[in-house]
Amino acid sequence: AQKITQTQPGMFVQEKEAVTLDCTYDTSDPSYGLFWYKQPSSGEMIFLIYQGSYDQQNATEGRYSLNFQKARKSANLVISASQLGDSAMYFCAMKYNFNKFYFGSGTKLNVKP
Amino acid sequence: KAGVTQTPRYLIKTRGQQVTLSCSPISGHRSVSWYQQTPGQGLQFLFEYFSETQRNKGNFPGRFSGRQFSNSRSEMNVSTLELGDSALYLCASSPRGASVEKLFFGSGTQLSVL
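From first to last, the protein sequence lines stand for chains A and B.
Take the first sequence: its position 18, counted from the start at 1, is 200 in the numbering used here, and no numbers get skipped.
Take the second sequence: its position 17, counted from the start at 1, is 110 in the numbering used here, and no numbers get skipped.
Just chain A, same shape as in the assembly (with noise of 0.2 Å):
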């Protein structure tokens, strides 16, 4: 069965830091997806980043990067440089077999001045 985990249910972090999100992964397919999307409290999912399991570098995507441990099965965000904006809730996803995503139980990030 494919599982995402997320075990920080909520996280602190003061702005203009550094703050890494935890997710790992339970799959036995090769071929999968990991992405991160930030939801605030309008309810909308905005996409962060995408790492596929065949590439071979962490992605990165502006002040969000991707640690990708796939011996592991871990695919941490990290966020530098927080921002009052960031404050939301963040979900770890797995995809495969076309639009099957799995959702880990997300993390909510604070941000404080």
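There may be inaccurate statements among the hints.
[Said to hold, decoys possible] Calculated lysine to any residue pairs in the SDA-like style (CA-CA distance at most 20 Å, straight line):
no., chain 1, residue 1, chain 2, residue 2
1, A, 252, A, 234
2, A, 282, B, 154
3, A, 290, A, 256
4, B, 195, A, 215
5, B, 195, A, 213
6, A, 282, B, 191
7, A, 185, B, 153
8, A, 290, B, 131
9, A, 290, A, 224
10, A, 185, A, 208
11, B, 106, B, 195
12, A, 282, A, 213
By construction, these hints were calculated from the structure, which means they are not laboratory data.
Here the structure is a predicted model, which means the values were calculated and not measured.
Place chain B on chain A using the hints.
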């Protein structure tokens, strides 16, 4: 380019009623998937459509159904509503539904069942 549009934004229904939610994907996207989000169960996959065909289905009862039209717009129907169906229903689209494609989500429909 317009994003994924979901209507209505909010819905209030009573137990036993049925409801239809609508989703218009990004122009050119042929894959549409639906998700249910609740505080207790988190985000759960409902089903995915591509070219008017359901390709994938999550573990939901038959009261949950959907369809996709030739213009890729999709509808989701829930019959005989139960209190536990209260949730945020999110629709997402992607060009083909391939595993490497990111999903673009709509703002969701917040359904409250009284």
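Evaluated hints:
1. A:252 x A:234: Between residue 252 of chain A and residue 234 of chain A the Cα gap is close to 10 Å, so the pair holds against 20 Å.
2. A:282 x B:154: 17 Å, holds
3. A:290 x A:256: It holds: about 19 Å lies between the C-alpha atoms, which stays within 20 Å.
4. B:195 x A:215: 9 Å, holds
5. B:195 x A:213: It holds: about 15 Å lies between the C-alpha atoms, which stays within 20 Å.
6. A:282 x B:191: Holds, at roughly 10 Å.
7. A:185 x B:153: 18 Å, holds
8. A:290 x B:131: 15 Å, holds
9. A:290 x A:224: Holds. Residue 290 of chain A to residue 224 of chain A sits at ~14 Å (cutoff 20 Å).
10. A:185 x A:208: Judged against 20 Å, a Cα distance of about 5 Å means the pair holds.
11. B:106 x B:195: 32 Å, violated
12. A:282 x A:213: 13 Å, holds
This entry does not satisfy hint 11, going by the numbered hints stated previously; all others are met.
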